[in-house]
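Enquirer: Sequence:
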Amino acid sequence: MSPCPRRHVLAIGAGAAAAAALPLTATAEARAAEPAGDPADGRAASPWTPVPDPVPVPLDSLYDNDGIDTTTARGGDFDGSGYTFPGEELPAGRVEVDGVPFDFPAATAGARNNVVARGQRVDLPRGRYLSAVFLTAGSYGNASGTATVHYADGTTGTAGLSGGDWYAAGGPLSAPYRYRPDGGKDEHSVGIGTSEVPVDPEREAVALTLPVTGPAEAGRTALHVFALSLQPVAQGRALALRGARSTSSLLAATGAQSVEATVVNAGTVPILARDAVSVHVDVPGARTVEPARVRRLDPGEQARVRVGIRNRPGTAPGARQDGTVSVRGRGAQVVSASRTLTLGTADYRPTEASLGGHQAPYWFNEAKFGIFIHWGVYSVPAWAPVGVQYAEWYWDQMQDPNNPTYAYHRNTYGEDFAYDDFIPRFTAEKFDPRAWVELFRDAGAEYHVLTSKHHEGFALWDTALSDRNSVRMGPGRDLLKELFEASRRYTPELHRGLYFSMPEWFNPDSPWTGHAPRNPYTLEPLPYTGYTAGKDYVTEFQAPQLLELVHGYDPEIIWCDIGGANDSVDVLAEYFNHAKNRAHPVDVTVNDRSGIGFHDFTTPEYTTYADTVVAKWEASRGLDPRSYGYNRATPDDAYMTTEEVVHSLVDIVSKNGNFLLDIGPRADGTIPEIMQTRLRETGAWLAVNGEAIHGTTYWSRMPQLGEDLRFTVRPDEAFYIHSLTRPGSRLTVEAPVPVRGGDKVTMLGHDRPLTWTVSGGALVIDVPESARRAGRHAWVFKVEWHG
1 MSPCPRRHVL AIGAGAAAAA ALPLTATAEA RAAEPAGDPA DGRAASPWTP VPDPVPVPLD
61 SLYDNDGIDT TTARGGDFDG SGYTFPGEEL PAGRVEVDGV PFDFPAATAG ARNNVVARGQ
121 RVDLPRGRYL SAVFLTAGSY GNASGTATVH YADGTTGTAG LSGGDWYAAG GPLSAPYRYR
181 PDGGKDEHSV GIGTSEVPVD PEREAVALTL PVTGPAEAGR TALHVFALSL QPVAQGRALA
241 LRGARSTSSL LAATGAQSVE ATVVNAGTVP ILARDAVSVH VDVPGARTVE PARVRRLDPG
301 EQARVRVGIR NRPGTAPGAR QDGTVSVRGR GAQVVSASRT LTLGTADYRP TEASLGGHQA
361 PYWFNEAKFG IFIHWGVYSV PAWAPVGVQY AEWYWDQMQD PNNPTYAYHR NTYGEDFAYD
421 DFIPRFTAEK FDPRAWVELF RDAGAEYHVL TSKHHEGFAL WDTALSDRNS VRMGPGRDLL
481 KELFEASRRY TPELHRGLYF SMPEWFNPDS PWTGHAPRNP YTLEPLPYTG YTAGKDYVTE
541 FQAPQLLELV HGYDPEIIWC DIGGANDSVD VLAEYFNHAK NRAHPVDVTV NDRSGIGFHD
601 FTTPEYTTYA DTVVAKWEAS RGLDPRSYGY NRATPDDAYM TTEEVVHSLV DIVSKNGNFL
661 LDIGPRADGT IPEIMQTRLR ETGAWLAVNG EAIHGTTYWS RMPQLGEDLR FTVRPDEAFY
721 IHSLTRPGSR LTVEAPVPVR GGDKVTMLGH DRPLTWTVSG GALVIDVPES ARRAGRHAWV
781 FKVEWHG
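Residue 787 is where the sequence shown ends in the numbering used here, and the numbering goes up by one at each step.
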């Protein structure tokens, strides 16, 4: 792992929800009100109300940052370090992003084009709105803060507003490069995403105050806002359609290609099962085989749906065709959108544009919890200052005379003991792959990711490209093969992935550190054991090794690290084609560290995000306070508690993330008992509460309420409230919880229905002592939808 990634790559998608609740003033009964008929001519009115167009709000009077340059208009400084977006690659004027129109600023010499959020007040056209949608970006990391909505009656509501790190590919608006301070091009993608703040539709909004972040300075995180649009509410029953697009993903039930769209309840009436809302695709060359259905959607809520289509005979995979995505309900067409769709998936080409059609598989979105395994030669010394450094970075850290590892190695092993002298001590003699995968299953995880090769360059498989591997040295075993074979045999329900370090610290053909192996005390050169120098590192070693993993082990996840020099466009095109062209196609995925802009998901480590991030992400960390690899110096009481693991999992899932929790086995292959205990205890919690985690999605209104409550949704089935503290005799949830008369409220792990009411806009649940005793770590309340 990288101990200090330069940037966390992130793309905030449409629908990023609030971090705190807006007051709910309607009762459950009022939210179920029916629109009246039109008595003027004696005929019933249409059951559907048209949705008002979004209203772009000018921000030019607030712009205080010039973050967009062109070849002829220079002088900007987006991030405080002199870098800017390239205006040639971005729109100017009216632009539509996921169905929402914005007024995007033009790049003009000397003109400012975005506002750094510093608590400015934005006056709004007075009206009733569902949400405020922003085009945002963060400089020097993901930026977030609390926005305040002001209403005509003098009240306010608060919600989270975020901007993903611009130093990322993807996002609704992106560019393949940025301008450097010297005017040249930095060939790395940068992007602008969307962030959405919910607004109470029952009150007239008059203004919005931006969060306080920034200012835009080098090394300091700031939130930049480029544009704002408001979505007015429609009185009655109304639906809007956003973001309709074809994908490369397959639906599990039918194997059909998925067309995705977001359905928004833009009215004042809940959508229920009796409204018979469904989403279809009409396009020449393909047919809908699996319509999407929406059975429950309260005002202001959104549902990301998947429609299954299949090519008709004669339609070539990858054909482009104009079609229509339509929403139907109560026997009528409600809304539709014309789109050019890609029918089927042609073979990927080795370009980022082609790879950009790929996305994280649905199984990955629904799995939520995985186990990371850092295991290698570094597991022999297994030492770092506790809570300070990564133990797996031992070899790199012992190079620095000012690093504690430098003195520790000299005092423990002597100055003449080279790092590669640890290789014979990496024995794996007690490695039991069946016990490992059954532990992961019992932990409630749904996938595992093994370090196939870390930055030390020692491979855990039988690579033909170097003798520096676990078959020719050390254990004398193909550890990767043994783990994957055990997983397929004993835990076939688990998905299997592989970590791969793109560079190697001391590889003599391309040393990441700038030099080949040497004695850190004498600076005399040392051999790179098992490796024959003289290769082109990328084309003759790195890329071929990755392809050995693709073709020899069929990983469903390739989890790259560090990036740097690469041939990833070729490798990933072959990876995706290999997976989709098998007799039984498999959906595979790759993270954001392969050295190119394209990725399926982002990977913050030892941190998480404050708000919902719709672009798929996965947070990772070790059970150890600051290490992925085993650290013999860490006492048991310094590891994460089970409560901390559960709380992290719940928080991450509520914001659309996965949690990849790392363990560090010892050099002999045993997993420390404290790690096993934590995993089993987490599994015990998931055995009771897993339905509120696996297969769920984030709530489009907000991920959390205060510090103690988190929310998840099982689409069309149930809504979950996670209390991270032991509730009292009553749990009061001051949020627009989608609950109606006839719904059933229970607590997972407690077999009796609970009494509930909606009072003053809040859901109040009576929690008997028997229910409180039944819970542990996090108490999960289920609103089971009926009708």
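The hints are simulated quantities; they were obtained by calculation from the structure and are not laboratory data.
Just so you know, not all the hints are guaranteed correct.
Claimed, not checked - So the derived label-pair ranges between C-beta atoms look like this:
#	residue 1	residue 2	range
1	R274	A92	44 to 50 Å
2	Q321	D708	45 to 51 Å
3	H578	S46	18 to 24 Å
4	T254	R274	57 to 63 Å
5	E88	N519	47 to 53 Å
6	A316	G787	51 to 57 Å
7	Y413	G318	54 to 60 Å
8	R312	D60	47 to 53 Å
9	H584	G75	54 to 60 Å
Predicted model only: the values in this text are computed from it and were never measured.
By construction, the Cβ of each residue, glycine as well, lies at the ideal position given by its N, Cα and C atoms.
Enquirer: Name the hints, by number, that the structure is in violation of.
Expert: 3, 4, 6
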